[in-house]
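Novice: Top to bottom, those sequences are chains A and Z.
This note's numbering puts the first sequence at residues 1 to 118.
This note's numbering puts the second sequence at residues 1 to 170.
Among the clues, some could well be false.
Derived lysine-lysine pairs resembling PhoX-like cross-links, with alpha carbons at most 25 Å apart [what the hints assert, rightly or not]:
#1 Lys18/Z x Lys10/A
#2 Lys151/Z x Lys99/A
#3 Lys24/A x Lys18/Z
#4 Lys24/A x Lys21/Z
#5 Lys9/A x Lys21/Z
#6 Lys9/A x Lys65/Z
#7 Lys169/Z x Lys83/A
#8 Lys10/A x Lys145/Z
#9 Lys169/Z x Lys65/Z
#10 Lys83/A x Lys145/Z
#11 Lys99/A x Lys83/A
#12 Lys96/A x Lys65/Z
Read the hints as simulated data drawn from the structure, not as lab findings.
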Amino acid sequence: MTLCDVLTKKRSLLTEELFSEFGKTLADFHRSTQDRTLELDKLISTSTYGNINHDETLEEDLEVFVQSREVLDEILLALGVSKVSNFDMELDVFEKELKQLVQQRKSGLSSKSGKLIS
Amino acid sequence: MLAHGDLCPDNILLRYDKSQKHIEQLYFVDYSRSGIRNIFYDVTFMRMTFPTCWCIEKLPTNFVKAFERAYKSRWDTAISPSQFGSQITKWSLYHVITTIADLMPRVWETDLILSGYSLRQRIVDRIRAYLTIFSDPELLGSDKKSYSASKEQLEGLLLILYDIWPQTKA
Numbered sequence: 001m002t003l004c005d006v007l008t009k010k011r012s013l014l015t016e017e018l019f020s021e022f023g024k025t026l027a028d029f030h031r032s033t034q035d036r037t038l039e040l041d042k043l044i045s046t047s048t049y050g051n052i053n054h055d056e057t058l059e060e061d062l063e064v065f066v067q068s069r070e071v072l073d074e075i076l077l078a079l080g081v082s083k084v085s086n087f088d089m090e091l092d093v094f095e096k097e098l099k100q101l102v103q104q105r106k107s108g109l110s111s112k113s114g115k116l117i118s
Numbered sequence: 001m002l003a004h005g006d007l008c009p010d011n012i013l014l015r016y017d018k019s020q021k022h023i024e025q026l027y028f029v030d031y032s033r034s035g036i037r038n039i040f041y042d043v044t045f046m047r048m049t050f051p052t053c054w055c056i057e058k059l060p061t062n063f064v065k066a067f068e069r070a071y072k073s074r075w076d077t078a079i080s081p082s083q084f085g086s087q088i089t090k091w092s093l094y095h096v097i098t099t100i101a102d103l104m105p106r107v108w109e110t111d112l113i114l115s116g117y118s119l120r121q122r123i124v125d126r127i128r129a130y131l132t133i134f135s136d137p138e139l140l141g142s143d144k145k146s147y148s149a150s151k152e153q154l155e156g157l158l159l160i161l162y163d164i165w166p167q168t169k170a
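Work out the full structure, taking the sequences as your base and the hints as a guide.
Specialist: See the structure below:
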């Protein structure tokens, strides 16, 4: 059974305990990859699925964010919503962080340092 | 670290113990969107109502909190509370902005229903989910000011959406 089955058909199984278990399992999964970044790098660099390049997920996340900001600007304009001052600045700060992650990965720093967040 | 990238409810398998009536184990499947990326891309999936998924459900806050607390507890002190809150805020903002840009053009003229959940409602619910972070002292703490403009911008947008899509307000 999947979580989708639980959400749609077996809602009696929806409990805090289930989501607590989910949180632990996800943390264990992330942690299990923490010390294996070099090994994973090798695997990922040669792995593709359809047109997805697993080696470029950080670049893709950045690209999606940059494009989304452009679309959001058009939407706000079309709806007549004024830009709040500093909104762009806040998004610029986040975009800069994403760019730094991409750069770190390209230069191999994230692999060597085993950085927590990247 | 490796992030799954597509933690949708149909990608999460559960082993259920019928005699004990509890979930024994969870398994993640379909790693087609996985890669080295910020792990909070995954962690914010519950809070942001499964952004890449078709089978979704808005989860009660206590479930989201149970998930996040359990996740954080596994890291012990490796992720500080302020770092956790800051990353949740940033990546929730990421998901809400990409949701708006992805879904809004598709439902500009007419709403679409996917798996019983309106796309307009998904946009509104994700904006609301982002805004709840600001009333959660556990999450934002000192970072509150860093995202005050994003909060104000999305609050403004939400009011406009309530106006043009009144059915999403409930």
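Novice: To test your reading of the hints: which numbers does this structure violate?
Specialist: 8 and 12
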